[in-house]
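Chains as they are written, first to last, in this note's numbering: chain A, 1 to 116; chain B, 1001 to 1153.
Hints listed in this document are in silico derivations from the structure and should not be mistaken for laboratory results.
Where a beta carbon is used, it is the ideal one built from N, C-alpha and C, also for glycine.
Do not take every clue at face value.
Quick look at which bits of chain A chain B covers, simulated, 3 or more residues with Cβ under 8 Å [as the list claims (entries may be wrong)]:
id: 1; stretch: 24–30
id: 2; stretch: 70–82
A few chain A residues that don't get close to chain B, going by computed Cβ distances all over 12 Å [said to hold, decoys possible]:
id: 3; residue: Gln15
id: 4; residue: Arg19
id: 5; residue: Ala43
id: 6; residue: Ala46
id: 7; residue: Ala47
id: 8; residue: Glu114
Taking CB as the label site, the calculated pair distances span [as the list claims (entries may be wrong)]:
id: 9; chain 1: A; residue 1: Ala87; chain 2: B; residue 2: Arg1014; range: 30 to 38 Å
id: 10; chain 1: A; residue 1: Ala6; chain 2: B; residue 2: Asp1089; range: 48 to 56 Å
id: 11; chain 1: B; residue 1: His1092; chain 2: A; residue 2: Ala67; range: 47 to 55 Å
id: 12; chain 1: A; residue 1: Asp41; chain 2: B; residue 2: Thr1028; range: 45 to 53 Å
id: 13; chain 1: B; residue 1: Gly1119; chain 2: A; residue 2: Leu73; range: 37 to 45 Å
id: 14; chain 1: A; residue 1: Ala75; chain 2: B; residue 2: Gly1078; range: 45 to 53 Å
id: 15; chain 1: B; residue 1: Gln1077; chain 2: A; residue 2: Gly3; range: 39 to 47 Å
id: 16; chain 1: B; residue 1: Thr1029; chain 2: A; residue 2: Ala69; range: 42 to 50 Å
id: 17; chain 1: B; residue 1: His1092; chain 2: A; residue 2: Glu88; range: 30 to 38 Å
id: 18; chain 1: A; residue 1: Leu73; chain 2: B; residue 2: Ala1075; range: 20 to 28 Å
id: 19; chain 1: B; residue 1: Leu1090; chain 2: A; residue 2: Pro4; range: 37 to 45 Å
id: 20; chain 1: B; residue 1: Ala1124; chain 2: A; residue 2: Arg58; range: 45 to 53 Å
id: 21; chain 1: B; residue 1: Arg1072; chain 2: A; residue 2: Glu88; range: 35 to 43 Å
id: 22; chain 1: A; residue 1: Arg11; chain 2: B; residue 2: Glu1104; range: 42 to 50 Å
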Amino acid sequence: MTGPFAAGLERLTRQAGVRGALLVEREDGLVVAEALMEGLDGAAFAALAASLWSRLARAGEAAGRGAPAFAQLEAEQGTMLAVPAGAELLLVAVAEPDSNLGLARLELIRAAGELA
Amino acid sequence: MRALEPWVEPPLARFLAESAARMVLLTTTAGQVVAQHGFTRAVDLMSAAALGAAIVASTDELGRLTGTGPYRAVAHQGPGAGLHLAAFDLPHARWIGLATFGRETSLGVVQVFFERMVGELRAASPWEAPPRAVLAADFERELGGSLQALFGR
């Protein structure tokens, strides 16, 4: 993978339990850049992450808590982590189920800060 | 939702439910309507079908001329609504799908579930080979019958 986001995404995928990372256009839910292991559908993760984020943002506003800063979705087959990267993008990590995601979470937040 | 052939309905219904698209139109590449959801006037339906077919034909040709095609889809995004237009191959024919959507969903979600619908249509298609060509003499009768089925009149 090459491009301006390659180094950040690949650093994320080196974290324990992380199977892929994507940069997603927040409003359209489209992939901007991705580093995914085989078998992961980047378009589907991008659509899911953006859709989830937009609903969280609306719910946060409705509850008077403001915009979300971090999201973690745990499912049977794995976990998805998302943080905003600037005003228009989301940085998303896809992880194996039941993995320890503390370091991955820290790396995700750090990488998003660099991209913002 | 209305469809000329019953096997089209389940995949289309799932697409509508999962993508939250507002209007959907499936046509042949000649602009003949196969199924629709959200159109209330026949004249709008026929115009959208003709325009969709024309856009797909012109972008295909543009892609050929510039050596950058063929393209999988055309997307337009406005401030409040968007449009996804794509041609896809079934065992018996090439069809076109047009979906409009609002801010309650996104282009990414529509594209993901559109691809899923195409896969389901391929699996559900009862055809194995291209059907016979439609004769000019039959066209008007088939068009009238199609509109009647699509609008229930």
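For a quick check of understanding: which of the numbered hints are violated here, in increasing order?
2, 5, 6, 7, 10, 12, 13, 14, 15, 17, 20, 21 and 22
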